[in-house]
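The whole structure should be built from the sequences, with the hints applied where relevant.
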Amino acid sequence: MKKTTTMLAAAAGVLALSVSVASAEKLVIGLASEPTSLDPHFHNLGPNNAMSLHIFDRLINQDEKQRLMPGLAVSWEPIDDLTWEFKLREGVTFHDGSAFNADDVVCTVERAPDVPNSPASFGTYLKGKTAVKIDDYTVHFVTEEPYPLMGNDLSTVPIISDETGCSASTEDFNAGTAAIGTGPFMFESYTPGDSIVMSRNDGYWGDAPAWSEVEFRPLTSGPSRVAALLAGDVDMIAGVPTTDITTLEGNDEIQLSQGVSNRVIYLHMDQFRENSPFVTAKDGSEITNPLMDVRVRQAISMAINRDAIVERVMEGVAISAGQLLPEGFFGVSENLEPVAYDPEGAKALLAEAGYPDGFAMTIHGPNDRYINDAKIAEAIAQMLTRIGIETAVETMPRSVYFGRASRGSPDGLPEFSFILVGWGAGSGEASSPLKSLIHTHNADAGFGASNRGRHSDPEIDAVIEEALRTVDDAKRQDLLAKATEMAIENVAIIPTHFQVNTWAAKTGLRYIARTDEYTLAIGVVKD
Amino acid sequence: MTVFVIRRLMQAVLVVILMSVIVFFGVNVVGNPVDMLVSPDADQAEIQATIERLGLDRPILEQYWLFVKGALQGDLGNSFIFGEPALKLILQYMPATLELAFTSLILAIVFGIPLGLFAGLYPDQPVSKAIMAGSILGFSLPTFWVGLMMIILFAVELGWLPSTGRGDTAMFLGFETSLLTLDGLSHLLLPALNLALLNISLVIRLTRAGVREAMGQDYVKFARAKGLSTRRIIFVHVMKNIMIPVVTVLGLEFGSLIAFSVVTETIFAWPGMGKLLIDSILQLDRPVVVAYLMIIVLFFVIINLIVDILYSVLDPRVRLQDQGQ
Chain A
0 MKKTTTMLAA AAGVLALSVS VASAEKLVIG LASEPTSLDP HFHNLGPNNA
50 MSLHIFDRLI NQDEKQRLMP GLAVSWEPID DLTWEFKLRE GVTFHDGSAF
100 NADDVVCTVE RAPDVPNSPA SFGTYLKGKT AVKIDDYTVH FVTEEPYPLM
150 GNDLSTVPII SDETGCSAST EDFNAGTAAI GTGPFMFESY TPGDSIVMSR
200 NDGYWGDAPA WSEVEFRPLT SGPSRVAALL AGDVDMIAGV PTTDITTLEG
250 NDEIQLSQGV SNRVIYLHMD QFRENSPFVT AKDGSEITNP LMDVRVRQAI
300 SMAINRDAIV ERVMEGVAIS AGQLLPEGFF GVSENLEPVA YDPEGAKALL
350 AEAGYPDGFA MTIHGPNDRY INDAKIAEAI AQMLTRIGIE TAVETMPRSV
400 YFGRASRGSP DGLPEFSFIL VGWGAGSGEA SSPLKSLIHT HNADAGFGAS
450 NRGRHSDPEI DAVIEEALRT VDDAKRQDLL AKATEMAIEN VAIIPTHFQV
500 NTWAAKTGLR YIARTDEYTL AIGVVKD
Chain B
0 MTVFVIRRLM QAVLVVILMS VIVFFGVNVV GNPVDMLVSP DADQAEIQAT
50 IERLGLDRPI LEQYWLFVKG ALQGDLGNSF IFGEPALKLI LQYMPATLEL
100 AFTSLILAIV FGIPLGLFAG LYPDQPVSKA IMAGSILGFS LPTFWVGLMM
150 IILFAVELGW LPSTGRGDTA MFLGFETSLL TLDGLSHLLL PALNLALLNI
200 SLVIRLTRAG VREAMGQDYV KFARAKGLST RRIIFVHVMK NIMIPVVTVL
250 GLEFGSLIAF SVVTETIFAW PGMGKLLIDS ILQLDRPVVV AYLMIIVLFF
300 VIINLIVDIL YSVLDPRVRL QDQGQ
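If you read the sequences in order, they're chains A and B.
Quick note: the first sequence uses numbering that gives the first Met the number 0, first residue 0, plus one each step.
Quick note: the second sequence uses numbering that gives the first Met the number 0, first residue 0, plus one each step.
Take these hints with a grain of salt, some might be off.
To be verified - Simulated restraints, written as ranges between beta carbons of each label pair:
| no. | chain 1 | residue 1 | chain 2 | residue 2 | range |
| --- | --- | --- | --- | --- | --- |
| 1 | B | L90 | A | D201 | 33 to 39 Å |
| 2 | B | L90 | A | G315 | 44 to 50 Å |
| 3 | A | K25 | B | V235 | 54 to 60 Å |
| 4 | A | E389 | B | P244 | 39 to 45 Å |
| 5 | A | G96 | B | L8 | 53 to 59 Å |
| 6 | A | K505 | B | I21 | 47 to 53 Å |
| 7 | B | V14 | A | Q381 | 46 to 52 Å |
| 8 | A | K25 | B | K239 | 51 to 57 Å |
Derived by calculation from the structure, the hints in this document are not laboratory data.
We treat Cβ as the ideally placed atom computed from N, Cα and C, and that holds for glycine.
Below, the structure written as structure tokens:
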């Protein structure tokens, strides 16, 4: 019956020779986490960025694999060491009918890093860059040093209108009066905690969305989200709990979509303290930090049965990791495989390093941040105990965990010795984890901000820094891959697996899974 | 009466001051909100800037002093996450919770009192035994489980009611409410029933116990001897006496319904204060948590006052003047 209606509607559309042949259909999506604002520059946070993609375009879009695609800019290239030239798309209009041009870009770049009360600003991506209008459809981005990641950085910044947006407050955006972009959908209503409704922008410059209206509903409780889908109250949900995947697979009315994410789950080890607070001899006495020894780190990596974690803990919904990003991303190495499970070899290495009887330590991890995070920590502890490293497990809510993991010790240093964490590469390429997790911690230069193990190797640092200066894509790719290989060889970090995300929709609908974990209405297609 | 109210208000101020100390310091020793706020891509300088902007680098006593200074001027601080005044945020979510709590209170009375009355008057009937057995279930089953079961039964299997959300709302006296639209009511029914379940059971048990006790009292015997009809005895004389514990408990429970409907609101994705509170706790949005708890303290103080006044209406023996003075 539904299909007939759809076909009739579509037929009517064709008969009327309308420009848009898409039928008048409404899509309801159940979200796992709610955006905190509709101001696209207010909070640099996944759910907010995903939501703003509906109403606002970027100069450069990231496709479902986070490859850069022309957005409001049709081309971008460096014209000298310090200048990137962006050619803008002509003939694009905002939802209120005003034309898009270079003024909008310039004022966006001014507003985005500087929104009042913003908890996390876009300054992260815009600092050190100045936008200069050359003509209505040409903008130059000027930096003080050669900067290769211009495209990646600008693919995160939503463009607002200089007439309605740049002088508007966050409240104006939430009320809808300023939520005027060039994107595929137009603001209709926003009720915090309940719903966000948008309608199709029929004048969209890109592919017309298939949906005339989209409603997003934040359903933060996993079981309720699944129930809402089964009850038919929503057409699609994000963040399917792993425990429900098997049941939903057997349901004829539900179709699952899965895809690997840009998020690697990894272990950081204390490599900066002679005596690490959570590493002791088995009798509890203080010992020199064994994690300083690369052989011990190798042994730990070899003792972890990644396939078992993927199969048992993650119920098959994850991919074993041998580096910082899954294959297909810019900057990954082709030479790295997940470290093979080898408990005997691990024991031999421990003995060689002078710990034939092992030692004792504690693994710390969050219990509400990553898929099955606490269970993974428990599994790893068991695997390490098997090779003689008696490992206790302590997990805690992320609100407590991350603060302690980053600067919880009395002198403001990372508190723990051995931690489970995850990293999603927002830029969609390997410099993001290399810069934050592997490079020596250096507050002045902004490197190693999340290097909670404080691994430090000047040679790797030099390669990473060179990559961050290299504008030539092929050369940079090689440098990033090289830095990754060096880091893995030194066991600066132990990657365990890449998270795989699952969406579920009514049969007949399919979601094009995205590596950035975003849930977008334009990614929902009819089979 | 006036003296009583004034004295009660003074006590309330003391309670509020004490609570502000406990809540503020309690919330501020847990975790670090900065790590919940900044983007993972942020570097050390940005993290430091955020710490300073939120005032988290200041000594805790200074932070408390700033909070008190603001609170006295009606400013309970800005939400870290939404950047808006915490008070405004809570008030924005309040109508949804009030209507949910109010509806479930009505359900508790409408179901609880007649069922309890029946069970008390005819304790040996099988129906009464079924009512009492049901009330034990209502007590002991966890709210989140019952809520999910209700969704699965009424929304997924039978398809009679929507599973989650608030539905269409209509404006009434400047507030959005679901009570005035059919769609809104259908969304309201399941969560309200879920929230009311415990209180229905509570009221049933209180009423039954009260009725059983009262029916044996001299005044009932005397009323019978006087020739009053059973209806009059039950609905005028017995009811008046058993309502005192029921009103006390419902008054306190109404406070809990408003303050801690967290579980029900989360399961039914009801956009109320409870959901705001739990989200704020999870994300360490301290100003919202503190403001919320302060408001709840005020709520309880006011409800208790109202309950005390209701006492005197129901039972003239309870005098509100200060006794012993």
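- Which hints from the list above does the structure break, by number from lowest to highest? Structure breaks hint 4 only.
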